[in-house]
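One letter stands for each residue in the lines below.
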Amino acid sequence: MSKKVTFSIGGIHPDDNKISRNCAIEVLPLPGTMYVSMAQHLGAPAKPVVAVGDKVLTGQVIAEPGGFISAFVHSPASGTVKSIGPRKDLAGNPMTHIEIEVEGDEWVEGVDLSDTLVTEIPADSAAILDKIKSCGVVGLGGATFPTHVKLNPGPQARPECLILNGAECEPFLTSDYRILLEKTREIIVGAAIMQKVLGGIRTVIAIEENKPEAIKAVKAALAELPYDNITVLTMKKRYPQGGEKQLIDAVMKRQVKSGALPVSVGAVVQNVGTSLAVYEAVQKNKPLITNVLTVTGDCLPEEKQHNYLFRIGMPLSYIAEVAGGIPETAAKIVSGGPMMGKAVANADASTVKGSSSILYLSEAFTKRGEESACIRCGRCADACPMGLEPFLLRRLYNAGDLEALEENAVQDCIECGCCLYSCPANIPLLDNIRMAKGQVMAAIRSRAKK
Amino acid sequence: MNSTILWTILILAGLGLLLSVVLFVVAKKFKVEEDPRIDEVEKVMPGANCGGCGFAGCRAFAEAAVKAPDLDNNFCPVGGNAVMSKVAAILGYEIKEKAPQVAVVRCNGSCSNRPVVNVYDGARSCKVKAALYSGDTLCSYGCVGCGDCVAACAFGALSMNPETGLPEVDESRCTSCGACVKACPKSIIELRDKGPRGMREFVCCVNRDKGPAARKACAAACIGCGLCARTCTRGAIVIEDNVAYIDSAKCKLCRECEAVCPTGAIHGVNFPKELDKAAVKERIKNRATVNKEEQK
Amino acid sequence: MDKYLVSPNPHTHSSVSTRSLMRDVLIALAPASVVSVLVYGWAELSIIASSVAFCVLLEWAVTRWLLKKPSTIGDLSAAVTGLLLALNLPSSTPIWIVLVGAVVAIGVAKMSFGGLGQNIFNPAITARVFLLISFPQQMTDWTPSPGFIHASDAISGATLLGKYSEGGVDELVRLGYDPNNLSMFMEIGGSAGEISAALLLLGFVYLLVRKVVKPWIPLSIFATVALMSGIFNMVDPEIYTGPVFNLCTGGLILGACFMATDYVTSPMSNWGGVIYGVGIGVIVMLVRYFGSYPEGVSFAILIMNMATPLLNKLCHQKKYGRA
Numbered sequence: 001m002s003k004k005v006t007f008s009i010g011g012i013h014p015d016d017n018k019i020s021r022n023c024a025i026e027v028l029p030l031p032g033t034m035y036v037s038m039a040q041h042l043g044a045p046a047k048p049v050v051a052v053g054d055k056v057l058t059g060q061v062i063a064e065p066g067g068f069i070s071a072f073v074h075s076p077a078s079g080t081v082k083s084i085g086p087r088k089d090l091a092g093n094p095m096t097h098i099e100i101e102v103e104g105d106e107w108v109e110g111v112d113l114s115d116t117l118v119t120e121i122p123a124d125s126a127a128i129l130d131k132i133k134s135c136g137v138v139g140l141g142g143a144t145f146p147t148h149v150k151l152n153p154g155p156q157a158r159p160e161c162l163i164l165n166g167a168e169c170e171p172f173l174t175s176d177y178r179i180l181l182e183k184t185r186e187i188i189v190g191a192a193i194m195q196k197v198l199g200g201i202r203t204v205i206a207i208e209e210n211k212p213e214a215i216k217a218v219k220a221a222l223a224e225l226p227y228d229n230i231t232v233l234t235m236k237k238r239y240p241q242g243g244e245k246q247l248i249d250a251v252m253k254r255q256v257k258s259g260a261l262p263v264s265v266g267a268v269v270q271n272v273g274t275s276l277a278v279y280e281a282v283q284k285n286k287p288l289i290t291n292v293l294t295v296t297g298d299c300l301p302e303e304k305q306h307n308y309l310f311r312i313g314m315p316l317s318y319i320a321e322v323a324g325g326i327p328e329t330a331a332k333i334v335s336g337g338p339m340m341g342k343a344v345a346n347a348d349a350s351t352v353k354g355s356s357s358i359l360y361l362s363e364a365f366t367k368r369g370e371e372s373a374c375i376r377c378g379r380c381a382d383a384c385p386m387g388l389e390p391f392l393l394r395r396l397y398n399a400g401d402l403e404a405l406e407e408n409a410v411q412d413c414i415e416c417g418c419c420l421y422s423c424p425a426n427i428p429l430l431d432n433i434r435m436a437k438g439q440v441m442a443a444i445r446s447r448a449k450k
Numbered sequence: 001m002n003s004t005i006l007w008t009i010l011i012l013a014g015l016g017l018l019l020s021v022v023l024f025v026v027a028k029k030f031k032v033e034e035d036p037r038i039d040e041v042e043k044v045m046p047g048a049n050c051g052g053c054g055f056a057g058c059r060a061f062a063e064a065a066v067k068a069p070d071l072d073n074n075f076c077p078v079g080g081n082a083v084m085s086k087v088a089a090i091l092g093y094e095i096k097e098k099a100p101q102v103a104v105v106r107c108n109g110s111c112s113n114r115p116v117v118n119v120y121d122g123a124r125s126c127k128v129k130a131a132l133y134s135g136d137t138l139c140s141y142g143c144v145g146c147g148d149c150v151a152a153c154a155f156g157a158l159s160m161n162p163e164t165g166l167p168e169v170d171e172s173r174c175t176s177c178g179a180c181v182k183a184c185p186k187s188i189i190e191l192r193d194k195g196p197r198g199m200r201e202f203v204c205c206v207n208r209d210k211g212p213a214a215r216k217a218c219a220a221a222c223i224g225c226g227l228c229a230r231t232c233t234r235g236a237i238v239i240e241d242n243v244a245y246i247d248s249a250k251c252k253l254c255r256e257c258e259a260v261c262p263t264g265a266i267h268g269v270n271f272p273k274e275l276d277k278a279a280v281k282e283r284i285k286n287r288a289t290v291n292k293e294e295q296k
Numbered sequence: 001m002d003k004y005l006v007s008p009n010p011h012t013h014s015s016v017s018t019r020s021l022m023r024d025v026l027i028a029l030a031p032a033s034v035v036s037v038l039v040y041g042w043a044e045l046s047i048i049a050s051s052v053a054f055c056v057l058l059e060w061a062v063t064r065w066l067l068k069k070p071s072t073i074g075d076l077s078a079a080v081t082g083l084l085l086a087l088n089l090p091s092s093t094p095i096w097i098v099l100v101g102a103v104v105a106i107g108v109a110k111m112s113f114g115g116l117g118q119n120i121f122n123p124a125i126t127a128r129v130f131l132l133i134s135f136p137q138q139m140t141d142w143t144p145s146p147g148f149i150h151a152s153d154a155i156s157g158a159t160l161l162g163k164y165s166e167g168g169v170d171e172l173v174r175l176g177y178d179p180n181n182l183s184m185f186m187e188i189g190g191s192a193g194e195i196s197a198a199l200l201l202l203g204f205v206y207l208l209v210r211k212v213v214k215p216w217i218p219l220s221i222f223a224t225v226a227l228m229s230g231i232f233n234m235v236d237p238e239i240y241t242g243p244v245f246n247l248c249t250g251g252l253i254l255g256a257c258f259m260a261t262d263y264v265t266s267p268m269s270n271w272g273g274v275i276y277g278v279g280i281g282v283i284v285m286l287v288r289y290f291g292s293y294p295e296g297v298s299f300a301i302l303i304m305n306m307a308t309p310l311l312n313k314l315c316h317q318k319k320y321g322r323a
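Protein chains in written order, with the working numbering: chain A, 1 to 450; chain B, 1 to 296; chain C, 1 to 323.
Calculated from the structure, these hints are not laboratory results.
Computed from a predicted model, the values in this text were never measured in an experiment.
Since no wrong hints were added, every one of them can be taken at face value.
With a straight-line cut-off of 25 Å between C-alpha atoms, the simulated BS3-like cross-links for lysine-lysine are:
{"id": "1", "chain 1": "C", "residue 1": "LYS211", "chain 2": "C", "residue 2": "LYS318"}
{"id": "2", "chain 1": "C", "residue 1": "LYS3", "chain 2": "A", "residue 2": "LYS342"}
{"id": "3", "chain 1": "B", "residue 1": "LYS127", "chain 2": "A", "residue 2": "LYS367"}
Derived list of chain A stretches under chain C, where covered just means 3 residues or more per stretch with a C-beta under 8 Å from a C-beta of chain C:
{"id": "4", "region": "5 to 14"}
{"id": "5", "region": "321 to 332"}
Where is the CB? At the ideal position from N, CA and C, for every residue including glycine.
Model the full assembly from the supplied sequences, consistent with the hints where possible.
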């Protein structure tokens with residue numbers, strides 16, 4: 001057994017609560033109506049290319065990229081476009097959605113829907129990237145950054161190591177774990193495809209120690225498959241191990257300079273889910289319209305927990321209903337993990353490519369305690385994985401001192417929530433720091449423009 | 001004993017003399033030549049350093065005013081025309097009189113008008129809350145109620161009304177510095193002309209949703225029906241993005257719009273008499289029939 | 001529930017709160033407190049009870065009537081201050097002096113600065129020093145009160161450090177102590193908290209295990225005291241006492257483990273803590289060897305409290321990706 005690695009600064013150890021770990025992935029039936037958001041990814045929203053009344057097939061392009069950093073969006077079902085217009089997203093803010101009245105599941109031509117594993121990788125890297133782009137693949141680790149942009153870091157960049165992120169350090173979430181178990185070989189082929197595009201560099205599949213079965217499965221599959229230079233790395237359990245910068249620190253023992261891209265230290269990080277999407281796009285010609293989502297929470301009995309293969313555009317309320325309704329004791333619904341997920345203000349919001357969970361949290365688990373005075377214990381600074389001093393940043397934000405905030409690296413904050421998690425006085429550190437970060441980033445950008 | 005006292009006095013006096021010489025030399029040597037008018041202007045400023053003029057404080061304003069070729073872009077909202085005429089006299093500029101203004105909260109989404117659909121559990125800050133989501137009601141345009149404007153007001157003119165959950169402006173204290181306008185992430189607060197004897201008419205809503213959605217979110221929302229704009233004989237009301245706006249320069253305070261508004265989104269304040277809706281409606285009706293007869 | 005909560009992330013919180021941290025400190029101090037009650041009897045019990053009660057009541061009164069804010073006694077920090085103050089007083093202290101101490105600790109050192117988190121000086125230490133200067137006679141009368149159990153070697157009148165301050169090493173030898181071979185477990189006369197080094201250390205280990213405090217401050221204090229006294233002792237053992245004597249006597253363990261580590265008044269970074277600890281160690285030894293007071297832990301902590309804001313400014317932790 002090789003030595004377990006982890007990142008070097010800060011971090012916390014919340015209970016991992018992976019209650020739904022043994023729930024196999026189930027396929028969700030299609031609802032009657034689906035609402036596909038144009039903001040499925042980081043960057044500019046996509047532009048609809050269909051009109052009201054159009055007939056669409058499953059997998060057909062219904063929106064094209066709205067900028068350089070943007071992505072294609074495909075129809076999640078076959079049916080009729082009923083409307084195109086604003087609909088409330090997760091946070092209750094209006095965003096353009098394409099409403100599709102579902103009539104069936106008839107796919108566009110040329111998609112391989114079989115389960116046969118295709119291990120032979122196409123020779124032409126440019127064609128692979130093109131395929132990834134046209135299938136609308138985006139990073140599924142949380143940021144939903146368009147994958148083709150990330151895999152094409154430019155002629156100056158020298159990628160050395162592709163890190164496949166299987167940390168899933170967020171408590172409760174088990175979707176990555178389930179695909180690592182059930183789609184092991186597909187994920188490895190996807191990794192091999194990305195490895196090839198990046199020039200055959202060293203590839204590491206990094207998994208936390210609390211998923212021994214996944215580690216075993218990946219090791220076994222690697223022995224079977226004909227790819228070189230792909231290894232598995234076991235990491236200690238620690239949050240936020242799955243953060244890009246922390247993962248690079250853990251795996252490569254290198255730290256990305258403030259404001260620089262990971263590739264500046266030779267690293268390219270992709271989530272295991274993204275790897276699966278890349279496999280399906282390149283080998284099966286299948287656009288990204290599905291992903292796995294965990295329905296879980298501390299107030300949901302184990303037998304009611306699920307890992308679902310969902311299609312984009314399914315309303316969260318629909319999934320909740322299929323899963324057996326919202327538990328009585330739920331006080332907060334979160335989309336994503338309890339550390340970095342978004343609270344659901346609008347339960348009718350529809351799923352997007354990056355949806356990873358519906359989390360039902362009880363009041364005892366999630367309600368914030370009464371804020372009291374800072375006792376200067378320094379726990380926030382100890383927990384910060386970026387080595388920042390949240391107590392100081394909050395003070396500077398309240399004083400409106402942007403200059404000092406920048407000096408103290410507020411722009412490096414990754415919004416992981418460790419500071420607020422560990423504050424004994426329940427001070428809303430991250431809430432304030434996020435605002436400060438926004439202001440400082442805006443100042444940096446306007447300076448760069450000049 | 002005497003000699004001790006003597007020495008003490010001598011040493012202290014010597015030290016004082018030495019330091020005063022040093023201070024004198026330093027002051028002479030490092031003297032910064034400044035336009036003396038800056039000090040003069042600063043003296044007539046209110047000295048609140050509120051930043052309402054857009055500068056860091058009264059001194060910064062004075063510096064900018066002295067440098068600028070005219071006073072068109074520099075105005076002290078706190079001191080108003082009285083202070084500005086003094087500044088103009090010092091600098092030898094002419095000023096255009098500005099009508100006195102007051103901060104107006106354009107949201108009437110009180111607890112009774114706007115049903116709450118979720119409970120906010122984050123930092124008590126409008127900025128944080130507004131950046132996170134659309135708010136704890138179905139209206140994504142209205143006041144989020146954490147009191148950033150109250151905190152921003154240096155004159156104690158704003159307070160949260162615990163009953164409505166909305167901020168209220170104390171007009172006698174408001175200096176129209178605009179700090180609250182900047183602090184409000186929802187851009188609800190507007191500086192409006194104070195109007196004759198404080199009387200003014202304004203649309204107390206900024207909801208840009210279509211009628212039914214706006215109505216569903218808030219009983220007092222402007223639903224963009226356009227009744228007020230059609231009633232107004234002065235053309236003072238425009239409807240844009242499903243919300244009405246009254247141009248205070250054109251408004252003659254006839255209060256007809258207020259009377260016809262189906263949701264009560266239009267507010268008239270500081271009028272001596274309460275609005276007799278029926279009478280005003282009757283007046284509009286009569287005028288309409290007269291108009292029709294004339295056309296015939 | 002029909003209305004769900006909405007907040008920015010994170011959506012969960014660790015179980016640690018100000019209250020739980022303070023409760024852990026109280027638990028850590030419990031064994032030493034119990035033993036001191038057993039050794040010094042009713043007198044000690046009444047001091048501890050009155051000190052804690054006065055401190056908590058005062059804080060409640062100040063928040064209620066002066067600050068007109070919600071009461072903060074629930075965070076237990078006033079109780080910790082009260083207990084620490086009690087453990088710093090001789091068992092013969094009259095109750096009215098305890099009251100004066102509580103007023104200084106809570107009223108002057110804590111609440112007048114704005115309450116928990118705002119104070120510059122550790123409240124319990126401030127009160128102790130105030131009492132020491134104001135009532136030198138009562139505060140240095142270490143005559144042991146009759147206890148519930150027989151305390152073997154408790155000496156009357158003054159502590160070992162007091163004897164040393166009066167008569168040097170000779171005086172200690174005359175009294176039958178080998179200053180270089182003191183047992184950690186013997187009961188050393190002194191303020192209640194000073195008599196049981198082992199139990200205090202046990203409490204500190206509890207705090208370390210519970211991750212309430214970090215070991216750097218106490219370790220650097222102990223290391224500095226040991227090193228300094230070792231060097232001086234080597235130079236002239238006839239004049240200067242040795243490391244073991246200096247580590248085990250006086251309020252060093254109580255001060256280093258429980259009062260120098262006070263969150264509010266100690267530096268927040270690890271390196272800041274080390275510098276702070278070294279400073280305390282040096283000042284303690286200077287006072288003990290050359291000062292007119294027999295004991296200098298309180299003064300040392302107070303002086304280094306003043307340096308804390310500066311150390312917080314100077315020492316930052318290592319940031320990711322910034323060399």
